[in-house]
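Number of protein chains: 2
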Amino acid sequence: MEDFKQGLLEGKKRAAARLISMGENGQQEALDVIKELYHKTGNAYVIGVTGPPGAGKSTLTDKLVKVCRAAGHKVGVIAVDPTSPFTGGAILGDRIRMSDLNTDPGVFIRSMGARGNLGGISEATGVAVDVLDIYGCEYIFVETVGVGQSEVDIVKSCDTTLMVMVPGLGDDIQAIKAGVMEIGDVFVINKADRDGAEKTAREIRMMLEFNKNEWNPPVNMAIAVENQGIKELLDSIFEHREYMTGSGKGHVRRVENRKSELLTIVKERMTRKLFEKTYNGEVIDDLSQKVAKKETDPYSAAEMILEKINMN
Amino acid sequence: MEDFKQGLLEGKKRAAARLISMGENGQQEALDVIKELYHKTGNAYVIGVTGPPGAGKSTLTDKLVKVCRAAGHKVGVIAVDPTSPFTGGAILGDRIRMSDLNTDPGVFIRSMGARGNLGGISEATGVAVDVLDIYGCEYIFVETVGVGQSEVDIVKSCDTTLMVMVPGLGDDIQAIKAGVMEIGDVFVINKADRDGAEKTAREIRMMLEFNKNEWNPPVNMAIAVENQGIKELLDSIFEHREYMTGSGKGHVRRVENRKSELLTIVKERMTRKLFEKTYNGEVIDDLSQKVAKKETDPYSAAEMILEKINMN
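Chains A and B, in that order, give the protein sequences. All residue numbers for the first sequence refer to the working numbering, where the first residue is 281 and numbers rise by one. All residue numbers for the second sequence refer to the working numbering, where the first residue is 281 and numbers rise by one.
Warning: the hint list may mix true and false statements.
Which copy is meant is left open, because identical chains are indistinguishable; a pair holds if it fits in one copy or across any two.
[Claimed, not checked] Under the rule of at most 30 Å between Cα atoms (straight-line distance), these lysine-lysine pairs were calculated in the DSSO-like manner: (1) 511 with 529; (2) 574 with 320; (3) 315 with 553; (4) 588 with 547; (5) 553 with 574; (6) 529 with 547; (7) 573 with 553; (8) 320 with 346; (9) 315 with 547; (10) 557 with 574; (11) 547 with 557; (12) 557 with 315; (13) 557 with 588; (14) 436 with 547; (15) 346 with 285; (16) 588 with 436; (17) 570 with 285; (18) 553 with 436; (19) 436 with 315; (20) 479 with 511; (21) 285 with 574; (22) 320 with 570; (23) 292 with 573; (24) 354 with 574; (25) 588 with 553; (26) 570 with 547; (27) 354 with 285; (28) 285 with 320; (29) 570 with 553; (30) 570 with 529.
Calculated directly from the structure, the hints in this document are not laboratory data.
Make a model of the complete structure from these sequences and hints.
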């Protein structure tokens, strides 16, 4: 454990990588290292990047990272796919596009997938953010694949959330869950050379009107593949950062973020315990069969399960 | 308790209404009644109605109910709004539109809202479905307001799920979460007289192509306010029912539904316990503050909470 601690403090990539993997596998040792070094976190600025599949989040992140690198900053990228057991690595292509950053010693790239349905992805992502923060990254981009609840939970612990959209395409249905919009601090219409970009921007501005707040999220335009609008987008992100710091809202947000993070960790662990204590869900399967046969009812079955896990 | 049991078995509306309210308030007595009568469930056919806000789900449900009524069936309607603490009753208008059914003794209408963030809405909905099933409803429509995770959990316990869509409107962004599409057994484009109805139908068919299955969800057209396409839609629902029964998949689905229902109840109760055992979340608030001040770290804080609720 001392080795990892030392390695991380000295900014050794290998130590960071190993700790993140250990966190993913739920190894207590990784958590012990972070616990001891937690007071060293808080220097990284964490930017969440989310939006519907196909919006070009990876390319956009890639370009944003390059601007940060040009300014000499140490950067971390965490790409999270909570749905990976289902998509079966279909998003791997997205990751590869970032590969020319892979050889840059000032960039740490990591992708995280869900390992089954026991939860834990949010906690593992939190561990990775903390590790990269201590490791010395000044900016950490947390990119998610979709816009579901897990993604919302994940970006909820970021300092600024960037919502990436695309102009409405013929065959593409905008995959935006009502309510997800509210988590965007900064919006960008990527692929802005496509038809309908202005219309999409107008629609988003209109939706934001309903949610009026002191901070009015800017709606940027970008063409990531052509490196257009990237610096302006980063400026928007920095404006949000300044607003949050200047207004004192940054502190309030950080407390809220920590609470959301904490609740997510607790719920994930509760779900894991639920499966462990029911023989990997076997008890739940058996009881479902019994309910279906009406040998018992769902409420008695739930009580039995809760009793088994001492939550009654 | 005997009174309620008796009343429900005799098909007394008041008994059903009271039991549903008691279930909403988490009163054990309601669950005790259902437990005793659970063997009498399974006669109702449960149809989930979901889709983005503004798709006209309530009007469509209203018309479908009227067709069922014309055939002499006893019908239940449960309108669920998991987000009601936030929308503040904005959907009440939807409910009122169904009011001319309210005077029909053969229809039982009930709306359910979330009572805070402690969860429990899925369980309360399950209770309502069971009560109306025992009460003698042959068809139960479970209508949800949005298309979020809670809605998915709710319609997951239905026999047939109807997904209501609308043609793409200028200012309207289709609020469909990627992944939500899969839960639709039957699709309908409502307000089909609007521009782009055929285009929307094509888009949906294309999305369904990716998810090919033995059952190919039909995509219907309807104009609910003009009562157009309603009988055909109900026929599609019945076709799905026949397919499920004929192929034996109905049984498999029911077991899966019961499992999903059971897991949801267990998780909702775990979350409730979590809040109860942490003094309504006070412990969590305090610990979040401490983490933000770095007096502790999220992992130690999570462990403290889990220890407090005996889930460590």
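Item to check | Indices of hints not satisfied (ascending) | outcome: Hints that this structure does not satisfy do not exist here, as all of them hold.
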